[in-house]
Amino acid sequence: MAKQREIDMCSGPLVPKILRFCVPLMISGIMQLTFSAVNMIVIGRYRGSDALAAVGATFNLTELLLFGFMGLATGANVLVARYYGAKDKEGIEKTVHTAIKASVIGGIIIGILGGLLSKPLLILTGTPAGIIDQSAVFMRIYFIGLPIIALYNFGSAILRAVGDTKSPLYFLSAAGVLNVGLNLFFVLVLNMSVAGVAIASVIAQGLSAGLVLRALIKSEAAYAIRLRELRIDWSKLWMMIKIGVPEGLQGLMFGISNVLIQSSINSFGTDVIAGNTAAISIEGFIFAALNAFPQAAISFTGQNMGASKFKNINRIFFTCSGMVMLASAVLCTLTIIFRVPLISLYEASPKVMATASLRLFVICIAYFLIALVNITSGVMRGMGASLLPAIVCLMGICVFRVIWVETAFQVYRTYLTLLLSYPISWVITLAVNILCLFIVKKRIIGRLQLPADGSIT
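The sequence shown begins at 802 in this note's numbering and counts up by one.
No lab work stands behind these hints, which were simulated from the structure alone. Where hints are given, some of them may not hold.
[Unchecked claim] Pairs of lysine-lysine, DSBU-like flavour, derived with a Cα cap of 30 Å:
| # | residue 1 | residue 2 |
| --- | --- | --- |
| 1 | Lys818 | Lys1112 |
| 2 | Lys1110 | Lys1243 |
| 3 | Lys895 | Lys818 |
| 4 | Lys1043 | Lys1243 |
| 5 | Lys895 | Lys967 |
| 6 | Lys818 | Lys967 |
| 7 | Lys1019 | Lys890 |
| 8 | Lys1019 | Lys895 |
| 9 | Lys1152 | Lys818 |
| 10 | Lys1043 | Lys888 |
| 11 | Lys890 | Lys902 |
| 12 | Lys888 | Lys818 |
| 13 | Lys1242 | Lys1112 |
| 14 | Lys1019 | Lys1112 |
[Claimed, not checked] Derived Cβ-Cβ restraints for the label pairs, each shown as a range:
| # | residue 1 | residue 2 | range |
| --- | --- | --- | --- |
| 15 | Glu807 | Asn1115 | 23 to 29 Å |
| 16 | Lys888 | Asp934 | 51 to 57 Å |
| 17 | Pro1224 | Ile1018 | 44 to 50 Å |
Ideal Cβ placement from N, Cα and C applies to all residues, glycine included.
Generate coordinates for the entire structure from the input sequences, incorporating the hints supplied.
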């Protein structure tokens, strides 16, 4: 059964294989957001706005602490895909065992640091005194469960590398249902608040991590886990770091630049903040669906690099680009058409509706641009060049937005002015990214010399 879920990404037509890879990932991303939304609705409706705010106040901090570490999962994905394409069994085995052990050890270290730093960081970020204790409780429980959260992310990255995106979907579905059920039980039956939400989340993540680990242990393929063989190969870990950490740092900088944009939005008052928040939530579902295609670009490129089928790289880039543009056009058009009922799920006041509608118009019209940025970055990461796209995105998106806020927004202090920073930064970044992609492809393929059997040295 597991063998049937693997995908040979190096031969045959690409479109059906990319769809087979992407559709489960799209469903997984949307399901994660849906389960998260249900949890927020439960805590908000039954424990009040303070409890909801206490959970919300932890999001940016937990992301900032996790970005660099979770980027290593991408490094593991790229390496396993390359060795899988090269049919290098030893390389797969060393990478898989290194990734799993590093995920647990790293999860424990960051979990301890996160738990110890929870309250100081919340104080540093100005969390209101009325909710800071609840927020600290949530963060500490969350970080206690970080090793199993990391285990799931690394395990699912390994499965994605060989084309198996269905198994993580099944595991996530089971965990999501358990999470919602436990949330209701802890909050409504046991009368718990944010601690109940956090515990439910950790237990559900434990289920998904356990199912991933079980699948890897029971597998008879080269990427199977043998617990007695868990050890770190330092050369493989270093390769994961070189590929994965730049992506994590890129995500970190995205978070910082978005915090700056949000602080400017906050100056327009509660209604604009609420409308912007509703629109961002709706956009999250579009991103969750479209993000499957950059993941495909990483895995497909990685396998073909390992198999020395360099001519397929262009096909992967153009096929993924065409498919993500089509998916973006459909999803964004539907979002604009049905924006009123979608926004009204959050808030129906006229100013909130107008604010959210404006954001959805501006973002959805240009959303294909950031989708293409992620495709080009994904192909470069699949080739092993992770630092360059991170630098390009850092300068073209993060730094540009900081400059925009300090210049254009200071002259024209309108909500629309802030929104325009998104499509303009995407255009700049995409243009530079495409140029870098073809330069990187030429240099890497020109310099890379693999043995005749396609193994990686």
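Consistency of the hints with the structure:
| no. | hint | verdict |
| --- | --- | --- |
| 1 | Lys818 with Lys1112 | holds (17 Å) |
| 2 | Lys1110 with Lys1243 | holds (14 Å) |
| 3 | Lys895 with Lys818 | holds (27 Å) |
| 4 | Lys1043 with Lys1243 | holds (20 Å) |
| 5 | Lys895 with Lys967 | holds (24 Å) |
| 6 | Lys818 with Lys967 | holds (13 Å) |
| 7 | Lys1019 with Lys890 | holds (17 Å) |
| 8 | Lys1019 with Lys895 | holds (17 Å) |
| 9 | Lys1152 with Lys818 | violated (45 Å) |
| 10 | Lys1043 with Lys888 | holds (22 Å) |
| 11 | Lys890 with Lys902 | holds (18 Å) |
| 12 | Lys888 with Lys818 | holds (19 Å) |
| 13 | Lys1242 with Lys1112 | holds (10 Å) |
| 14 | Lys1019 with Lys1112 | violated (35 Å) |
| 15 | Glu807 with Asn1115: 23 to 29 Å | holds (24 Å) |
| 16 | Lys888 with Asp934: 51 to 57 Å | holds (55 Å) |
| 17 | Pro1224 with Ile1018: 44 to 50 Å | holds (47 Å) |
Hints 9 and 14 from the earlier list are contradicted by this structure; the remaining hints agree with it.
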